[in-house]
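Asker: From first to last, the protein sequence lines are chains A and B. With the first letter of the first sequence counted as 1, position 87 gets the number 89 in this note's numbering; the numbers rise by one all the way through. With the first letter of the second sequence counted as 1, position 146 gets the number 148 in this note's numbering; the numbers rise by one all the way through.
I should point out that these hints are in silico values taken from the structure, not numbers from a laboratory. Hints may contain errors.
Identical copies go unnamed one by one, so any copy, or any two together, can satisfy a pair.
[What the hints assert, rightly or not] Straight line, CA to CA, 25 Å or less: simulated DSS-like cross-link-like pairs of lysine-lysine:
hint	residue 1	residue 2
1	Lys153	Lys29
2	Lys87	Lys197
3	Lys190	Lys64
4	Lys190	Lys98
5	Lys153	Lys195
6	Lys153	Lys64
7	Lys192	Lys149
8	Lys190	Lys6
2 protein chains.
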Amino acid sequence: MTEKGILIVLSGPSGAGKGTICAALRKEMPNLVYSVSMTTRAPRVGEEEGVSYFFRTKEEFKELIAEDAFLEYAQVYDNYYGTPKSHVMKLLEEGKSVILEIDIQGAMQVKDRFSDAVFIYIVPPSLDILSNRLRDRGTDATDVINKRLSKASSELALAHRYDYIVVNDVLEDAVEKVASILRAETCKIKRNKEKIQDIYKNYTND
Amino acid sequence: MTEKGILIVLSGPSGAGKGTICAALRKEMPNLVYSVSMTTRAPRVGEEEGVSYFFRTKEEFKELIAEDAFLEYAQVYDNYYGTPKSHVMKLLEEGKSVILEIDIQGAMQVKDRFSDAVFIYIVPPSLDILSNRLRDRGTDATDVINKRLSKASSELALAHRYDYIVVNDVLEDAVEKVASILRAETCKIKRNKEKIQDIYKNYTND
């Protein structure tokens with residue numbers, strides 16, 4: 003009997019290390035499926051439809067918004083980005099667990115639509131350390147970094163809407179914690195009602 | 003800052019393998035504290051006060067029952083067995099996680115008194131397998147085994163009061179699942195309110 007898969011939402015401030023944790027998790031838990039986002043931006047060289055992104059026109063995307071076809075979506079400058087609901091739901095029905103690596107605003111949208119998902123908040127040990135990491139990364143100008151820090155600080159107020167918090171201090175520890183959370187969630191009573199029935203059935207039919 | 007420890011209640015039918023899992027866990031997670039029970043039965047050769055059990059007279063035990071000094075207790079034939087509350091509470095306050103390996107009736111008593119504990123239900127893959135295990139163990143007569151099986155079967159109805167279910171099929175897998183549950187529980191948002199405050203404080207005081 004196939005139990006439904008688990009939808010795992012990994013989010014946290016920019017620079018907390020979500021992407022690095024996901025990459026490491028991909029190796030440790032090869033059965034996890036990573037959700038593919040949909041976007042209206044043009045494919046870059048080497049990007050493949052359905053692997054990197056689902057590429058759609060703005061008209062198509064807006065139509066899907068109107069049909070409530072996204073678990074979450076956002077407009078970033080001129081383009082839309084979103085997580086198509088039907089694709090994720092199909093995987094979950096097949097018993098596959100799906101991981102979404104999205105920002106906090108997206109996570110809150112998923113929370114409103116799909117409260118049964120598991121919400122993990124990845125945070126740096128302190129905002130000072132986040133500040134150093136963003137500076138060391140060298141990809142953002144000082145004012146962008148300051149905006150990111152101020153956003154991270156204000157978003158901490160949403161922490162209580164998550165199920166778990168993982169402090170990304172030592173990467174291997176953080177990955178092990180996320181992996182443990184996923185293993186633990188598969189043991190939750192509410193996700194094993196059919197299994198419990200099976201154990202019981204075996205005996206009473208004896 | 004010390005977060006409070008977690009009270010972990012491991013229970014399940016006789017023969018499910020609670021004791022074996024606990025013994026393996028003791029090696030994997032040396033920081034866990036195993037609760038010492040109190041009993042009115044006489045110490046056996048080699049048993050040490052405060053290590054094997056806290057040994058008390060029936061009068062002392064009954065007085066403690068009257069004072070609501072137990073997380074759970076039971077009378078088994080002529081003797082009492084119980085988990086002293088104050089001892090466990092002191093350890094939790096010190097930030098130590100405490101594991102109780104008790105039967106299902108005891109677990110339900112703890113649930114009524116201390117709902118913040120983590121309840122893990124250890125079950126065999128099927129009652130048929132449990133039946134074989136109890137027979138192979140060779141310590142119980144057939145009628146005792148039948149009583150145990152019928153008890154296990156009726157107790158399955160209490161599964162929904164637990165947080166997690168761990169099917170003890172392959173021992174190493176079951177131990178890894180219990181260890182994962184404990185690691186995951188330390189990441190629960192509700193157990194990290196102070197840590198979240200700390201991350202926030204660092205920045206706003208900057």
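Asker: Each hint: holds or not?
Answerer: Here is what the structure says about each hint:
no.: 1; hint: Lys153 <-> Lys29; result: neither (31 Å within a copy, 43 Å between copies)
no.: 2; hint: Lys87 <-> Lys197; result: neither (27 Å within a copy, 34 Å between copies)
no.: 3; hint: Lys190 <-> Lys64; result: neither (37 Å within a copy, 37 Å between copies)
no.: 4; hint: Lys190 <-> Lys98; result: both (16 Å within a copy, 23 Å between copies)
no.: 5; hint: Lys153 <-> Lys195; result: between (40 Å within a copy, 20 Å between copies)
no.: 6; hint: Lys153 <-> Lys64; result: neither (27 Å within a copy, 58 Å between copies)
no.: 7; hint: Lys192 <-> Lys149; result: neither (40 Å within a copy, 28 Å between copies)
no.: 8; hint: Lys190 <-> Lys6; result: both (12 Å within a copy, 23 Å between copies)
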